[in-house]
Amino acid sequence: MSGLENVMVSLLKEDAKRDAGQYPLDVPLYHIPCERFVEAAKAMKNTGARLAAQWASDETLFRRGFGVFACYAKDSEYLIVKADLPENDPTFPSITKKFVPAYRFERQIKSLMGIEPTGHPDLRPWIKHEDWQKGVYPLRKSFDVKQPLKRIKGEYQFIKADGEGVYEIPVGPVHAGIIEPGHFRFQAVGEDIINLEEKLGYVHKGIEKRFETMSWMDGAKLAGRVSGDSTVAHSIAYCRAVEAISKTNPPERALWLRALMLERERIANHLGDLGAIANDAAFAFILYQFSRLKEHILRTNYKLFGHRFMMDKVIPGSVNVDLTSKGRDIILKELELFEKEFERLVIIYDENPSLEDRLRGTGILTSEKAKELCVVGFVARASGQNQDLRIQSPFPPYDRIIPKIRVLNSGDVHARAWVRIEEIRDSICIIREILNTLPDGNIVAGFNPPLPDRSGFAVVEGWRGETVYWVQSGPDSEINRCMVRDPSSVNWLALEEAIHGNIVPDFPLCNKSFNQSYSGNDL
Amino acid sequence: MLRILHQIFRTGIVTEPLPPEVEKGVEVIGAKLEEAIMRRFRRSLTIRQVDAGSCNGCELEIHALNNPIYNCERFGIKFTASPRFADILLVTGPVSMNMEIALKRTYNATPSPKFVIAVGDCGCNGGIFGESYASLGGISKVIPVDIVIHGCPPPPTAILKGILKLME
Ligand code: SF4
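Protein chains in written order, with my numbering: chain A, 1 to 523; chain B, 1001 to 1168.
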């Protein structure tokens, strides 16, 4: 029994019942009484665990009402607890006071599943906007997807600051650049930001509901479009959850190829963001150089995998594209050239005093805050959190090819950028290692749908960080629920925090250094 | 500074000619295109991009148009922050319920004559997200569309091709 599990079981004794249908077995799911939900959260908090996700599932097809889940994580352990709720008038006690990220998870549960978190301090709708018809809960089985929603009149109450010289700046949803939509509301005095409030949900497309109408195989395509820039990370996470629930073991070669694609996705996105950060500090040279390097990587992707972002290449039980020995040579050669160019540019980046001036000390997320907000990915690593699932919860080949963990403590824009420079370097080594140890053989494994009423869980360290999927099969072995938690769903809150005390013109820079996904958050 | 200059010279000009099928298109349009841009758009074509609910995949490719390899500014194509300056709206995604109003407002804020290009399979018909309570489907469900560019996402050359086709 793992540490977290021990804590839970010794606290709740026979009140905690292990679910036998949850896979993989090292991520246990415990049923606990609803009234002990907060107590359990407190115990988890005291052991130093973080809240990784919280969600609800409609289980009325099994004639059992609803389930509310909280997933806790510490080092390499994950533990899920579930409270079973009645079909009529379901509520559960809020854990927001113990874990900050529950603040949005629970608002979302309320908005989309219609389950009330009692004691939650702020029940304004989240994702579902204020002008939606009242009383509709799209994630419920009783909801008809085809039914268009009526618009009503409604106004979102933003947090307001007042006092002499305080003014408000509304930004979005349509932003100035080529980026996704979202709304930011600043309260400022002069140049200083005193509060930032995010209102998201603009790109909510009903993805989680959509999964429920798809086959397990087709679901991988949708997962690959939750956040287009992280298509590989999301499709691997989805497929691993589906493989867990259906007890499928992909061949080793397929796993190695998945990791290869995941690292290429990491390099491409880090390059794009580093360029954009420099550009926002008026150093366009770096943007153009890095975007040139990125373009070459995308072209090689196209040449070898048939798609510039490698969409639809990861499928349940396998990957649908193999690498020839010629392809292997192409990558090795490309890496050699890329590495030289990249290192030359890093020196220029590092030696530029005006860049340094803008990036250092800007948008600080302290390590205490990072821990409190349960942030993940490079944002966490730039704020002193020793967290990389490729090391802590590895899937092959990461159990053999071990990345170096990059942790910085300053938590500023510079740290978030520099961690990514280091990660690119590391990804280059990992790719070489993958290609050197690429196992021979088949890439295809047969895939059979899971048994009814089972659940599967998976996490993958994408370029943004921990990507979580939890899937549940229905009475006919169909998808009953597919919970998606993009790293952005927790990291967005950290941007609100990091911006305090900065000046308005530095916001774009801070925002770029986080570069969280709107689509992955809004679903 | 020397390093920067050195790198600039080493890199040289990386902008590529368009692929033959696009290049041919340019030739065919030739004088007509130039005349059209001169007359209608006073030599430059200004685009406002609107994400009406995409997965961000299409945005990455639109971004790529600005990289030095595609360098869309050489055709006089510029991206603007304000719809008030735009000749073309380049719209991605299925239109989400939550973006419907913002998209209509952006459209209304764009001065006539204006053109709308729907980018990506989602922009064309809702793509994998289809039509549901949260996704209204393709862009043409909400505002008039002049041209659609298929692909998921369409590569930068396909987007350029679509823009040039609109000029015909
Ligand atoms: S067309 Fe494809 S890449 Fe573009 S928004 Fe739709 S799913 Fe994303």
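No lab work stands behind these hints, which were simulated from the structure alone. In this text, all values refer to a predicted model and were calculated from it rather than measured experimentally. Be careful, since some hints might not be right.
[To be verified] Okay, the calculated bits of chain B under chain A, using three or more residues with CB under 8 Å as the criterion:
1. 1051-1059
2. 1097-1103
3. 1133-1142
4. 1150-1159
For every residue, glycine included, the Cβ atom is placed at its ideal position computed from N, Cα and C.
Hint check results:
Chain A is given as covering the region 1051-1059 of chain B, and this holds because 9 residues of the stretch bring a CB closer than 8 Å to a CB of that chain, at least three being needed. Given as covered by chain A, the region 1097-1103 of chain B passes the check, having 4 residues with a CB less than 8 Å from a CB of that chain where 3 are the minimum. Remark: the region 1133-1142 of chain B is confirmed as covered by chain A, as 3 of its residues place a Cβ nearer than 8 Å to a Cβ of that chain, reaching the required three. Check result for the region 1150-1159 of chain B against chain A: holds, 3 residues qualifying (beta carbon to beta carbon below 8 Å, three or more required).
Going through the hint list in order, the structure satisfies each hint without exception.
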